[in-house]
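Number of protein chains: 2
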Amino acid sequence: MTYTAPLADMRFALREVAGLARIASLPGYEHATDDTVDAVLEEAAKLAGNGLAPLNREGDKAGAKLENGVVRTAPGFAGIYKEFVDGGWNSLPFDPEYGGQGMPWLLAATVQEMWQAANMGFGLVLLLNQGAIDAIHHHGSPEQKAAYLPKMISGEWTGTMNLTEPQAGSDLAQLKCRAVRQGDHYLVTGQKIFITCGEHDLTENIVHLVLARTPEAPAGVRGISLFIVPKFLPDNEGKPGKRNDLRCVSLEHKLGIHASPTCVMSFGDDGGAVGHLVGEEGRGLSYMFTMMNNARLSVGIQGLAIAERSYQQAAAFARQRVQSKDDGSPEPKPVAIVHHADVRRMLMSMRAQIEAMRALGYYTAAGIDGALRNPDRDAARKLQDRVDLLIPIVKAWFTDLGNEIASTGVQIHGGMGFIEETGAAQHLRDARILPIYEGTNGIQARDLVGRKVTKDGGEAMLALVAEMRASASELKRAPGDDLAAIGTALGQAADVLEDATRWTAHSAKSDLVKALAGSMPFLRLAGTALGGWLLAKSALTVRQRLDAGDGDPAFLEAKIVTARFYAEVILPPALALVGPLKAAGHTVFALKDEQF
Amino acid sequence: MTYTAPLADMRFALREVAGLARIASLPGYEHATDDTVDAVLEEAAKLAGNGLAPLNREGDKAGAKLENGVVRTAPGFAGIYKEFVDGGWNSLPFDPEYGGQGMPWLLAATVQEMWQAANMGFGLVLLLNQGAIDAIHHHGSPEQKAAYLPKMISGEWTGTMNLTEPQAGSDLAQLKCRAVRQGDHYLVTGQKIFITCGEHDLTENIVHLVLARTPEAPAGVRGISLFIVPKFLPDNEGKPGKRNDLRCVSLEHKLGIHASPTCVMSFGDDGGAVGHLVGEEGRGLSYMFTMMNNARLSVGIQGLAIAERSYQQAAAFARQRVQSKDDGSPEPKPVAIVHHADVRRMLMSMRAQIEAMRALGYYTAAGIDGALRNPDRDAARKLQDRVDLLIPIVKAWFTDLGNEIASTGVQIHGGMGFIEETGAAQHLRDARILPIYEGTNGIQARDLVGRKVTKDGGEAMLALVAEMRASASELKRAPGDDLAAIGTALGQAADVLEDATRWTAHSAKSDLVKALAGSMPFLRLAGTALGGWLLAKSALTVRQRLDAGDGDPAFLEAKIVTARFYAEVILPPALALVGPLKAAGHTVFALKDEQF
Numbered sequence: 001m002t003y004t005a006p007l008a009d010m011r012f013a014l015r016e017v018a019g020l021a022r023i024a025s026l027p028g029y030e031h032a033t034d035d036t037v038d039a040v041l042e043e044a045a046k047l048a049g050n051g052l053a054p055l056n057r058e059g060d061k062a063g064a065k066l067e068n069g070v071v072r073t074a075p076g077f078a079g080i081y082k083e084f085v086d087g088g089w090n091s092l093p094f095d096p097e098y099g100g101q102g103m104p105w106l107l108a109a110t111v112q113e114m115w116q117a118a119n120m121g122f123g124l125v126l127l128l129n130q131g132a133i134d135a136i137h138h139h140g141s142p143e144q145k146a147a148y149l150p151k152m153i154s155g156e157w158t159g160t161m162n163l164t165e166p167q168a169g170s171d172l173a174q175l176k177c178r179a180v181r182q183g184d185h186y187l188v189t190g191q192k193i194f195i196t197c198g199e200h201d202l203t204e205n206i207v208h209l210v211l212a213r214t215p216e217a218p219a220g221v222r223g224i225s226l227f228i229v230p231k232f233l234p235d236n237e238g239k240p241g242k243r244n245d246l247r248c249v250s251l252e253h254k255l256g257i258h259a260s261p262t263c264v265m266s267f268g269d270d271g272g273a274v275g276h277l278v279g280e281e282g283r284g285l286s287y288m289f290t291m292m293n294n295a296r297l298s299v300g301i302q303g304l305a306i307a308e309r310s311y312q313q314a315a316a317f318a319r320q321r322v323q324s325k326d327d328g329s330p331e332p333k334p335v336a337i338v339h340h341a342d343v344r345r346m347l348m349s350m351r352a353q354i355e356a357m358r359a360l361g362y363y364t365a366a367g368i369d370g371a372l373r374n375p376d377r378d379a380a381r382k383l384q385d386r387v388d389l390l391i392p393i394v395k396a397w398f399t400d401l402g403n404e405i406a407s408t409g410v411q412i413h414g415g416m417g418f419i420e421e422t423g424a425a426q427h428l429r430d431a432r433i434l435p436i437y438e439g440t441n442g443i444q445a446r447d448l449v450g451r452k453v454t455k456d457g458g459e460a461m462l463a464l465v466a467e468m469r470a471s472a473s474e475l476k477r478a479p480g481d482d483l484a485a486i487g488t489a490l491g492q493a494a495d496v497l498e499d500a501t502r503w504t505a506h507s508a509k510s511d512l513v514k515a516l517a518g519s520m521p522f523l524r525l526a527g528t529a530l531g532g533w534l535l536a537k538s539a540l541t542v543r544q545r546l547d548a549g550d551g552d553p554a555f556l557e558a559k560i561v562t563a564r565f566y567a568e569v570i571l572p573p574a575l576a577l578v579g580p581l582k583a584a585g586h587t588v589f590a591l592k593d594e595q596f
Numbered sequence: 001m002t003y004t005a006p007l008a009d010m011r012f013a014l015r016e017v018a019g020l021a022r023i024a025s026l027p028g029y030e031h032a033t034d035d036t037v038d039a040v041l042e043e044a045a046k047l048a049g050n051g052l053a054p055l056n057r058e059g060d061k062a063g064a065k066l067e068n069g070v071v072r073t074a075p076g077f078a079g080i081y082k083e084f085v086d087g088g089w090n091s092l093p094f095d096p097e098y099g100g101q102g103m104p105w106l107l108a109a110t111v112q113e114m115w116q117a118a119n120m121g122f123g124l125v126l127l128l129n130q131g132a133i134d135a136i137h138h139h140g141s142p143e144q145k146a147a148y149l150p151k152m153i154s155g156e157w158t159g160t161m162n163l164t165e166p167q168a169g170s171d172l173a174q175l176k177c178r179a180v181r182q183g184d185h186y187l188v189t190g191q192k193i194f195i196t197c198g199e200h201d202l203t204e205n206i207v208h209l210v211l212a213r214t215p216e217a218p219a220g221v222r223g224i225s226l227f228i229v230p231k232f233l234p235d236n237e238g239k240p241g242k243r244n245d246l247r248c249v250s251l252e253h254k255l256g257i258h259a260s261p262t263c264v265m266s267f268g269d270d271g272g273a274v275g276h277l278v279g280e281e282g283r284g285l286s287y288m289f290t291m292m293n294n295a296r297l298s299v300g301i302q303g304l305a306i307a308e309r310s311y312q313q314a315a316a317f318a319r320q321r322v323q324s325k326d327d328g329s330p331e332p333k334p335v336a337i338v339h340h341a342d343v344r345r346m347l348m349s350m351r352a353q354i355e356a357m358r359a360l361g362y363y364t365a366a367g368i369d370g371a372l373r374n375p376d377r378d379a380a381r382k383l384q385d386r387v388d389l390l391i392p393i394v395k396a397w398f399t400d401l402g403n404e405i406a407s408t409g410v411q412i413h414g415g416m417g418f419i420e421e422t423g424a425a426q427h428l429r430d431a432r433i434l435p436i437y438e439g440t441n442g443i444q445a446r447d448l449v450g451r452k453v454t455k456d457g458g459e460a461m462l463a464l465v466a467e468m469r470a471s472a473s474e475l476k477r478a479p480g481d482d483l484a485a486i487g488t489a490l491g492q493a494a495d496v497l498e499d500a501t502r503w504t505a506h507s508a509k510s511d512l513v514k515a516l517a518g519s520m521p522f523l524r525l526a527g528t529a530l531g532g533w534l535l536a537k538s539a540l541t542v543r544q545r546l547d548a549g550d551g552d553p554a555f556l557e558a559k560i561v562t563a564r565f566y567a568e569v570i571l572p573p574a575l576a577l578v579g580p581l582k583a584a585g586h587t588v589f590a591l592k593d594e595q596f
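Top to bottom, those sequences are chains A and B.
Note that the numbering used here has the first sequence beginning at 1, numbered continuously upward.
Note that the numbering used here has the second sequence beginning at 1, numbered continuously upward.
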């Protein structure tokens with residue numbers, strides 16, 4: 001039940017797939033040198049493996065508890081959070097003007113993978129804080145930034161996102177929380193649910209970002225504004241002062257992430273919580289969209305992280321659990337189950353998909369950095385389009401895989417997997433929230449088809465297809481069976497993804513509902529194909545490095561094996577979704593509502 | 001969170017797919033008339049819906065508790081168990097000579113679906129008892145049968161299966177429990193784990209079937225014998241007498257099925273538990289195989305059941321949860337989410353796969369009845385071969401789908417799905433044991449490829465392929481787009497399944513490990529294709545009935561819609577596993593153990 005950050009794999013994905021060197025050459029990222037990045041990774045790995053991971057099971061068992069309005073996190077969490085903040089880990093990617101280290105999002109994503117793999121119940125608070133920092137950074141006034149950002153960036157205070165209400169989950173147009181202007185501030189009243197870390201004992205203050213309606217605002221999303229509603233109002237010295245009129249009224253009993261308190265928050269029970277408008281009235285929802293790419297990438301990374309954690313645990317179990325003879329040997333004595341073909345298939349399938357996710361996740365993070373910092377604004381805009389396209393795929397595909405892989409991890413453990421003490425089941429329980437929060441995966445698929453592919457008629461995706469095809473040609477020309485097999489599969493993937501994209505782009509115009517009926521199979525197909533492309537490209541790089549005698553041959557050859565397994569075993573069923581995505585519309589609405 | 005037995009669908013599968021009329025015409029099943037079957041289904045539906053289902057969440061929350069060696073089941077469980085036994089429900093399929101009702105296994109499977117859907121934590125004890133009854137019925141002495149069967153068949157006593165030990169899970173050859181002869185009985189000592197309902201307060205006695213080794217027995221599976229080790233030794237009047245030397249030393253903390261106590265059992269702490277040999281020494285494991293088909297069918301039915309329960313709950317939620325506008329309408333007001341294309345795709349996919357499972361499950365149960373009772377012994381033998389082939393598919397494919405569908409059920413609930421009070425998450429937790437117990441799904445795939453397909457070179461599967469092809473031809477000739485689309489897909493499925501079967505049968509001879517590397521994709525492909533075949537056949541029947549004006553048109557037309565959805569959306573990715581199942585062997589053993 002330990003976790004060891006897979007540093008060799010992470011470095012490979014950072015350098016060979018995501019192009020760390022190119023990112024570090026962008027203005028503002030010059031300090032992300034190889035040495036610095038290596039040092040960050042090594043130290044983060046220590047904190048994740050020795051500090052966070054050992055608390056994961058304890059956090060699950062103890063959970064967060066609400067007692068007399070105070071939320072107590074699980075034993076050890078407050079201590080490790082302090083260590084985390086003191087080590088400067090929270091500030092990694094944020095603006096140096098407010099105390100951040102200004103490191104690339106690429107590096108932040110890599111380090112995030114470690115925190116989330118080590119302890120998702122702990123790691124979640126970091127993501128909410130990141131979102132709140134982003135929102136204030138982009139849309140807050142200079143005074144707001146000065147008052148909140150340094151504390152939030154250091155991690156001394158944490159931020160929350162108060163969006164959901166019972167009648168308004170995915171559909172924020174239905175929000176009812178109210179904010180009434182009162183001099184230089186607003187009085188906020190209403191109830192919010194599913195508020196992650198809405199109350200806790202990790203920090204001296206909590207900065208709530210709250211979506212609410214002003215009295216004369218129009219109905220729907222244009223009537224929603226964003227407010228900063230701190231638990232304690234900062235005093236003249238910037239320290240937590242007067243207690244604001246808000247409280248946590250209950251905690252949810254959840255399937256997983258027990259260590260992370262999910263709060264029902266009540267604002268304004270005693271007349272109104274003091275809130276400060278962020279930006280302009282009526283623009284709250286559009287401000288939320290600003291931070292969405294980072295937030296969704298982070299949730300995707302959680303999917304990758306929980307998959308890696310599950311894989312490590314299952315692989316360790318499979319290497320030590322002795323049971324039944326080796327089918328490939330006449331020897332009757334039982335062997336470690338890692339020798340059994342189906343167990344090995346499961347491990348290979350976990351591993352191959354994890355490497356594909358890591359490749360696509362880091363690639364997307366590097367895209368965010370490029371879009372932010374590339375001085376060639378045309379190139380930056382194209383990168384932004386690519387990132388916008390990839391984000392829903394990363395969020396939904398990674399989190400679906402996170403669940404599937406955590407379930408495979410349970411399966412490899414056999415009966416022990418069903419016993420909570422083993423810890424494999426916790427990963428599955430924890431993973432189950434990922435396809436739901438930060439926009440359900442259905443909403444990601446809707447975003448991909450109804451917005452991203454529609455807005456450019458599929459152009460951004462077809463640009464990726466062209467790159468896939470170029471890689472496929474190169475692979476087919478390369479020597480050896482492995483690369484040829486990978487190249488052939490990649491060529492097919494490019495053809496199928498092009499077909500699926502053209503059909504989707506076309507159908508979305510003529511019959512949106514029909515295109516949406518196939519949106520999730522389309523997303524799965526696209527994610528699987530793009531992940532396969534990056535593994536295939538890596539196999540080429542690896543071949544060149546092997547030929548040049550550069551690097552550890554066993555490590556590099558394993559990359560080719562994994563890419564081939566992925567190309568031959570993982571890709572085909574996903575490519576076969578091209579039929580279903582076109583056909584789903586035939587039947588999806590053929591029954592009446594009441595027939596379900 | 002209620003459950004309503006889907007009687008119309010069940011009757012359809014019983015009559016139109018599994019051929020209830022044919023089964024009821026077999027000698028010994030004449031009393032399974034339409035009226036009797038209908039009455040059984042209606043009464044069972046009441047008990048399941050009104051009695052068992054309301055206790056499901058309570059059982060999960062309270063769980064079973066061990067206190068001073070006594071296991072207390074959750075509140076209400078002992079009462080409903082008594083009602084169940086008093087109603088005669090336990091005796092349905094068993095031998096009338098010992099108080100059973102001698103009903104077909106087909107009807108037993110249908111009713112089992114209800115118990116398991118209503119309350120899996122409750123239903124599990126019935127399956128263990130069924131297995132123990134089977135073992136004693138087939139291999140016990142006349143005295144043993146007289147002493148135990150009437151009480152076990154009525155359900156006044158329950159049976160258990162004591163197989164697993166810490167070092168011996170899937171690999172029973174490693175068993176260490178000992179049984180030493182002592183006059184007319186044996187003294188059994190040792191520890192068993194994962195013993196379902198090894199101790200409970202539902203009945204006055206518990207009949208443990210225990211696998212153990214006799215002192216001079218050879219190593220491996222030939223040294224294992226089967227013993228009856230009752231909790232209380234029956235006295236001269238057949239009542240529970242002297243307490244035997246066995247006890248439950250702890251209960252496992254499990255991911256799901258909390259209501260079902262999973263015991264660590266210790267035998268012989270005070271010198272040895274009195275055990276009675278079943279049959280001959282050294283044949284314990286072969287006796288276990290006797291009951292395996294029924295037991296594995298039952299676990300498959302549990303997969304179907306939990307899927308149905310999840311579907312009902314998700315569909316009800318989707319019909320009432322209002323969120324976001326209808327993409328197919330200009331109207332801006334939010335609608336029930338059942339109107340959203342991706343939610344509907346999820347519901348259709350649950351529904352279609354559930355109907356395919358029900359069709360294949362009942363078909364297999366009817367096969368068991370036919371193999372038992374068909375007076376034409378040649379036909380019976382062929383049916384037995386077919387059943388032997390189908391059983392690992394039913395067990396593994398159904399239970400994998402049970403998990404996938406329970407997870408989809410959570411997803412449809414959005415954030416509410418992650419909250420335990422909703423109940424959707426419980427189904428997912430409960431379902432997770434199914435691919436593990438009664439032979440992991442990997443072991444089912446090994447059985448399918450390494451034993452069932454190998455023993456006849458694929459003949460039994462190819463006979464099914466021939467029937468699929470005949471159905472496909474008939475469908476292609478039938479009028480209308482729907483049937484033609486289904487027929488085309490089914491024809492492809494037959495071709496692919498034939499290819500996969502021939503490859504597997506051939507490879508299993510020349511390179512078993514290579515065939516096993518593809519065994520799980522093969523099983524998935526076969527299950528999906530066979531389920532699709534039975535839905536396609538039903539669509540033909542339905543068409544004829546619609547044309548004849550026979551039956552509820554809306555119900556019947558929905559069957560065609562579902563079959564087409566399955567053919568176009570569910571089948572293609574499964575058929576695409578033919579490549580992976582052949583290719584997995586290329587790479588599965590290419591890495592060294594320590595590289596995982």
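Keep in mind that a hint or two might mislead.
The list makes no distinction among identical chains, and a pair is therefore deemed to hold if it is satisfied within one copy or across any two copies.
Unchecked claim - Using 27 Å as the maximum straight-line C-alpha spacing, the simulated DSS-like pairs for lysine-lysine come out as follows:
id, residue 1, residue 2
1, K325, K61
2, K145, K333
3, K509, K592
4, K46, K509
5, K239, K145
6, K509, K382
7, K325, K509
8, K61, K239
9, K382, K325
10, K239, K82
11, K61, K242
Keep in mind that the hints were calculated from the coordinates and are not lab data.
Homomeric proximity label, K61 with K239: Cα distance no greater than 27 Å: Result: close neither inside a copy nor across copies, 34 Å intra and 44 Å inter.
Between the shortest in-copy and the shortest cross-copy C-alpha distance, which are at most 27 Å for K509 and K382: within, between, both, or neither? Close inside one copy (23 Å), not across copies (54 Å); limit 27 Å.
Treating 27 Å as the Cα threshold, decide for K325 and K509: within, between, both or neither. between (58 Å within a copy, 18 Å between copies)
How do K239 and K82 come out at 27 Å by Cα distance, when the copy is not named: within, between, both, or neither? Within one copy only: 18 Å inside a chain, 65 Å across chains, cut-off 27 Å.
Since the copies are identical, ignore which copy is meant and state whether K46 and K509 lie within 27 Å (CA to CA) inside a copy, between copies, both or neither. Result: close neither inside a copy nor across copies, 51 Å intra and 49 Å inter.
Within a copy, between copies, both or neither: where do K145 and K333 come within 27 Å Cα-Cα? This pair counts as neither: shortest intra-copy Cα distance 67 Å, inter-copy 37 Å.
How do K239 and K145 come out at 27 Å by Cα distance, when the copy is not named: within, between, both, or neither? Answer is within: at 15 Å inside a copy they meet the 27 Å cutoff, but 80 Å across does not.
When no copy is specified for K325 and K61, does a C-alpha distance of 27 Å or less occur within a copy, between copies, both, or neither? neither (37 Å within a copy, 40 Å between copies)
Are the CA atoms of K61 and K242 at most 27 Å apart within a copy, between copies, both, or neither? neither (34 Å within a copy, 41 Å between copies)
Measure nothing new, just compare the shortest in-copy and cross-copy C-alpha distances for K382 and K325 to 27 Å and report within, between, both or neither. neither (55 Å within a copy, 31 Å between copies)
Which holds for K509 with K592 at a C-alpha limit of 27 Å: within a copy, between copies, both or neither? Within one copy, since 25 Å is at most 27 Å while 51 Å is not.
In the structure shown, a violation is registered for the earlier hints numbered 1, 2, 4, 8, 9, 11, in ascending order.
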